[in-house]
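Colleague: For reference, the chains in residue letters:
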Amino acid sequence: MARFFVLEEVSYCYPGSAKTGVCQVNLELEPGTFLAVLGANGSGKSTLARLCCGLLKPTAGRVLVEGYSTANDEELRYIYQRVGIVFQHPEDQFVASTVEREVAFGVENQNLSSRAIRQVVDAELARFGLTALKTAHPHSLSGGEKRFLSLADVWALQPKLILVDEPLAMLDPGARERIARLLKELKTNGQSMIWFTHNLAEVMAADQVLVIAAGRVVWRGQPAALLAMAGQVRAWGISLPPATQVASALGIDRSPVVNVDELVAALWK
Amino acid sequence: MEIKLEEISVVYARGEAPLKALNKVSLTIRAGEAVALFGPVGSGKSTLLQVMAGLLKPTAGRLSVCGQDGPVVLAIQEPQRGFFAATVREEVAFGPENLDLDPAEIEARGTGALTAVGLAREKWEAPPQRLSGGEQRRVALAAALAMKPRFLLLDEPTTGLDGPGEEALRQTLQRIKTEWALGLLVASHDPDFLYMLTDRVLVLVGGELRADTTWGAWAQEAAAVAPDLQIPFLLGLLRRLAEAGAPVQAAPATPAAAWEELFRLRREREKGGAG
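Residue numbers (the numbering used here), protein chains in the order written: chain A, 1 to 269; chain B, 270 to 544.
Warning: the hint list may mix true and false statements.
[What the hints assert, rightly or not] With a Cα cut of at most 30 Å, we get these calculated DSSO-like pairs of lysine-lysine:
| id | chain 1 | residue 1 | chain 2 | residue 2 |
| --- | --- | --- | --- | --- |
| 1 | A | Lys-134 | B | Lys-326 |
| 2 | B | Lys-326 | B | Lys-289 |
| 3 | B | Lys-326 | B | Lys-293 |
| 4 | B | Lys-540 | A | Lys-134 |
| 5 | A | Lys-269 | B | Lys-289 |
Simulated from the structure, these hints should not be mistaken for laboratory data.
Kindly produce the complete structure, drawing on both the sequences and the hints.
Modeller: Listed below in structure tokens is the structure:
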């Protein structure tokens, strides 16, 4: 059986622009895994996300999803069924004029009965707390509600791989926790996720981390290992958890500090 | 000069769920103050800023801007969606041009504003759409400054910025606050960014003003008033240390004083450890 998700020496150069694309990225993902791609703004994260789902085609190398290549137009529809992307700016993906039409839009292309479509849409609206807003216009929602809607859009399609690009950027702690919980559910469902962010604290639960700088992969490993290399991580433009930042500023370097409990222990207990 | 809100309410009619975005909010902000507007997503922060900037008529209540000697300007939140000029310079000149100023004054304001936000000079003739997200924020900020505001209102200015981008923006705003002698009102759900920049905090939850106080006092009362809201990390840490019996002041007046408490504790512990 073809491997689930593979990037082979993937490069992308923006036509006629000096803007950094991505350069010779190799990657393989097992089903049910959570990969974090960390990098500063402008490091190539969003370009890589668009390459992973076939919205951009590599200028060199291959992106393969269960053996289907994004370079091949006839194979793209198989890829769209398997890989869903949640964009950094939710408005970028809205197409319909009400919240429920918006969630139904993708589902309607899946050969389901109208009753089944209704069920999927209602379930996703409930999951993301949008039921009371189902007749509202997507653009009339608050920032956090737009984020929930953009997630519901992709969730409804049950892709095997979900790509999320800075999904917590506009959310407060309550909404962040809710989304973190929902994203954990994905994994227990056997779905996979690639989470693109500049903030290490968001992805401490990742199975694997890939750091990207100026379009190139500069580091791979476990998230916890990054805590012990604060200076380097900052130089890559990646935000450390606040406890790690304060520990580093206070010169506490005995053991990695991730949360406030560890910091209190290092300072006082 | 001051902006005064008396019992301001705003109701949005949308779908089957009309939203009470603001409920009888009363407050006063004076020129020269740096104020945080803090609260969860959907708490009414953006609505409050729009009312203050005169862009949204409240459903009920009174807004008065007293002793007006300069405009109240809301910097646009998602600059990439609002840009329309061919170059950064033209984008920044657009506001002053509509004030019927003479060309030399427009030019001077543009130069002053772009310098203040620290946008590299070689970008001034570039199309704003081609700049990075962080640079676009600077252009939007410059466009607001070119209006010579007495009050500058910012809505979630750190959204989409990475760590270094956020730190650079904070330093820029700190400089602007001092050098331009303007009132600053910054809405955000990020207490750490706000704490470093502002002295006073307005806490908005579900459209209601729950607190109007200092950060130190807010850290003390947050658990009782709005347990779901984070407090600035440094203040939370000092509080935890104090609860654990460490000899620290739990609610210092400024971020600098908070850091001093932590460094002092660390020095004392190290001395103790060596002895």
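Colleague: Check the structure against each numbered hint from earlier and tell me which ones fail, lowest number first.
Modeller: Violated: hints 4, 5.
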